[in-house]
Amino acid sequence: MSTKYKIGVFDEEKTLVASIKSLQERNLAIFDVFTPYPIHEVLHLLKRKSKLPTAGLIYGITGALSVLAFLYYTSVLDWPIDYGGKPFNSFPSFIVITIVLTILIVTITSLFTFSVRAKLFPGQEAVIFDERATDDKFIIVIDAGLLGGEAASEAGRIMSESGAVEILEKDLTEKK
Amino acid sequence: MYNRSIRGPLVEGNKTYGQISSDIMAPIDARPGMWWYLTMAIASVAALFGFYAIYITVSKGIGTWGLNNSVGWGWEIINFVWWIGIGHAGTAFSIFLLILRQRWRTSINRAAEAMTVVAVGCAALFPALHMGRVWLAFFIFPYPNTRGPLWVNFNSPLFWDFIAISAYLLISFSFWYMGMLPDFATIRDKTTSKVKKAVYGFFSMGWTGGSHQWIRFESLSFILGGIAAVLVVSVHSIVSTDFAVGVIPGWHTTLFPPYFVVGAIFSGFAMVMTMMVVVRKVYKLNDYITDNHMDAIARILTFISLIMGTAYATEVFMAWYSGNEYEMFTFFRNRVTGEYSVQFWGMVICNAIIPQLFWFRKIRKSTWGLLWISLAINLGMWFERFNIVVTSLANDFLPSNWVSYTPTIIEIGIYVGTIGLFVVGVLLFFRYIPMIAISEVKGVLNIGSKIDD
Amino acid sequence: MENDNIQNMPFMKENLRLTMPFKVITGILIALGLASVAFGFIQDPGRTWANYLVNNYYFFSIAMGGVFFFVIQYISQAGWSAGFKRVPEAMMAWIPFAAVFFLLLYFGTHSIYHWSHDEAVADDKLLAHKSPFLNVSFFYIRMVFYFALWIIFAHLLRKFSLKEDLEAGTKWFEKSEMYSKVFVFILAITFSFAGIDWIMSIDAHWYSTLFALKNMVAAFLHGSSILILIVLLLNGRGFFPFLNKYHLHDFSRYLFMLAIVWGYFWFAQFMIIWYGNIPEETIYYSVRWEKGWQTLFFLDIIVNWAVPFFLLLPIKASRNKYVILTVIFFLIIGQYIDLYLQIMPGTTGELKFGMIEAGMFLGYAGLFALVVGISLSKANLIPKNHPYLDESLNHHFQ
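Order-wise, the sequence lines are chains A, B and C. Quick note on numbering: the first sequence equals residues 189 to 364 in our numbering. Quick note on numbering: the second sequence equals residues -11 to 441 in our numbering. Quick note on numbering: the third sequence equals residues 87 to 484 in our numbering.
Possibly wrong hints are sitting among the right ones.
Claimed, not checked - List time: in silico DSS-like cross-link candidates among lysine-lysine, alpha-carbon distance up to 27 Å:
#	chain 1	residue 1	chain 2	residue 2
1	C	Lys257	B	Lys353
2	A	Lys192	B	Lys178
3	A	Lys358	B	Lys178
Unchecked claim - Pulled from the structure, derived: some chain A residues nowhere near chain C, Cβ distances all over 10 Å:
#	residue
4	Asp199
5	Arg214
6	Leu256
7	Tyr260
8	Lys274
9	Arg305
10	Gln312
11	Glu342
12	Leu356
Simulated from the structure, these hints should not be mistaken for lab results. Idealized CB from N, CA, C, for every residue including glycine.
The following block holds chain A by itself, in its conformation from the complex (with noise of 0.2 Å):
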């Protein structure tokens, strides 16, 4: 499948943040943005959120008490050992094992669910619409495919007027 992307390329914040918010207000839909490094006002413009922190949260809910549950089952209830004197259940040792045991947890089930959501893994191939993306330049990409022509060039001179270096047009096929 091959679609057309518009795209606009910027040399500095500033102008990419102006250009976002004109497209915007055009309600002309912006495929994605793609920048060197984060910037906070271009996720909250285009109302990207993660639930990542949720998952997060609970994770360590779950580990902890899965944890807790695992050292009293071992501890208590399956192999009951005196060690000099504490009670079989321990709570305020237990403690410090099952913090770190749930960092653990929530560590390795976060970078998965990471790595699947962000479809992120090794060897994955990059679908890249710019190069210069992930060096010095900032570009917002436009699916005139989806948008149709009239409105792609609209966004184009949207996009030069508000201070673009250059507009590409771009056929990607599609790797699937």
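On the provided structure of chain A, position chains B and C as indicated by the hints.
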């Protein structure tokens, strides 16, 4: 809002975004200098020596070490704690300075994190070897087994150590690696070499810098950062409980957890400073790692040094205040004076007194001053661990058990070997990985200037 | 440039005038406190002296928390808080009062400190060993020395800050920074010793190396909470108009982080003593593990650690004024519980809370509020010429 006119720019030399990428990528593209090969050769020899010592240890047993019935812990535990301490710098840099909103961290945290990963790897070697029969190391995993099922002792600080260090290694590695994704992508998109494009492309995991990726990237850094902050404190607290939950005088003291954490950050920052002095000199990255950066680290070291001095004084005072004869013996007859007083005073001088030279601006500005003082701190921190581990064991409750401890060549060999491994790791990092976080530096480039107001 | 900014801000109320109701209320509270002290001395002098120490230390620790906050801002070169620095400065004004109150403790020494009785020292080897340090005259010499240092430094920092208002340039700022660095070190040592002297020595046989540090963090935590309370109360009356959610966020991060550190110290001390199980150390906890005390023991960790931790964990909540006020409310009670639990078992040994306790606390609170209020009304509420002021007034981050 960052007031640039008062606080000074974070990146000097009026860089553009493109220049940042090429400046930091330069060491990766260029052939390394003669010094690199030379240091690599020396470090490799040291590492080989270490491998030989490890081979002897594994094949003949830990009887080849200088340990005995009284001193059951020697150089291995000292070096383990020492390396773990150094390994606290990366996380401390990235997390604590993030929490304290210290923006200057951006050009140093990558190197500090790399150092962390290598140092923790070196540290993990020691307890594994100390188990004696390394091939049975898997016994420490708590899994349903055919030995009962006899579970591991969850109350044991040694088991906590195992979990904490595994978690720390994993989390510091993933935090470090994840931060490199955008930079690997930069190399992939900028390089002209096909091999590099393929290799860095593989490791960049398909990074493009799109908004969907950045938002998740930021969320993940937030989560990992938050839990790493807890972890970095708990790891060294747990290491301290190896000693503190026992009843040996000089070990059993409530101050130990925070004291170990602060000491770890101290030695870690000192190692970062050593490394940064070298990097600045060799790679000419003075525009990124500015004089202000070195100044800031020196100030932190001075501050922590005062805390360490206070902790030493507290310990000695409390030993007297407690009125406990064993405590008093350990501190006054065994540490302050006695067989191991050299190590005690070495610790006090290197950690609490020498860093006070940083109060002088002239010394903070001098490369040699920074280098020597940071090395002195690392030596001092080694003395501190020696002082804790050996003195309390060599002369304990019963005079009939009193012995001296001297390491054997095998023990020294393992230590030298880990230093070699560490240097090899760091050199490889310099050579193949952007040693400053490119995307983060770009993010703070214009802070406080006209573009961002 | 910074000055322009202040003048450009409309309705920047700068001068605080104490209102009549404020004076009347604090006056009533002080009278109430005096009445309870008088009643207490007639009724039960031992209990009153113990309460006297609790309240002395309570408000002293809050003032010292303000000092900690103040010097840490300079040392860490924090910009966001520059606009609020008059508040910790005003809290420092309490230190001379604390000095007077503590020196008056002289008359109650015997009813609080077991080691001050010569006959007790005579047949107790440990107390005899400690007597070069723990004896009445050296105890008060040290006290005078600590307070002299603190009063001098607090006075100097306040003076530099006021001078900065009159003179442009960073001269006074740099001076303050330098003095803060020296002061924080002196403070750490003297405050540690003060904690050991005044509180830990109540249980004269018991010792813990972490004790002083834990109380230092407690002072920082609770001092910060009162500081934030004052800022929010003033903000409610129209002062500090620039206070935004980012300031609130940073303020509550202080509470959050310090509560964690406090909880960490609390746990470290407890865990190591519990695990080591040496009778001379565990005695401290086993007394506090008895019926009645045990409730307080758990309330202590819940109120001072769990409440701030869980309430301030979500970012949204940490920027909400009402959540922060709730946390502060709990922390105010928390410091009282913590000190009550540290002081009472070793002095009166009775778990009592009545007219004497409540009245004295309110009396101290009234006097503290009045002293801080007067100090606040003496100078511009917003400092001038502070190099980071601009940063503070326009504070924002992602």
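The hints, checked one at a time:
Proximity of Lys257/C to Lys353/B is assessed by CA-CA distance (about 22 Å); at most 27 Å being required, the pair is judged to hold. Between the alpha carbons of Lys192/A and Lys178/B the distance comes to roughly 25 Å, so the proposed pair stays at or under 27 Å and holds. Restraint check for Lys358/A and Lys178/B: the C-alpha separation of about 20 Å stays at or below 27 Å, so the hint holds. Taking the minimum C-beta to C-beta distance to chain C, about 22 Å, the non-interface status of Asp199/A holds against the 10 Å cut.
Annotated as non-interface, Arg214/A keeps its C-beta farther than 10 Å from every C-beta of chain C; the closest such distance is 27 Å. Listed as a non-interface residue, Leu256/A keeps its Cβ farther than 10 Å from every Cβ of chain C; the least gap is roughly 16 Å. Taking the minimum C-beta to C-beta distance to chain C, about 19 Å, the non-interface status of Tyr260/A holds against the 10 Å cut. With a least beta-carbon separation of about 8 Å from chain C, Lys274/A fails to lie farther than 10 Å from that chain, contradicting its non-interface assignment.
At roughly 21 Å, the least C-beta separation between Arg305/A and chain C is larger than 10 Å, which holds for a residue marked as non-interface. With a least beta-carbon separation of about 28 Å from chain C, Gln312/A lies farther than 10 Å from that chain, consistent with its non-interface assignment. Every C-beta of chain C lies more than 10 Å from that of Glu342/A, the closest at about 32 Å, which supports listing it as non-interface. A cut-off of 10 Å between C-beta atoms confirms that Leu356/A is not in contact with chain C; the least separation is 30 Å.
When each numbered hint is compared with the structure, a violation occurs for hint 8 only.
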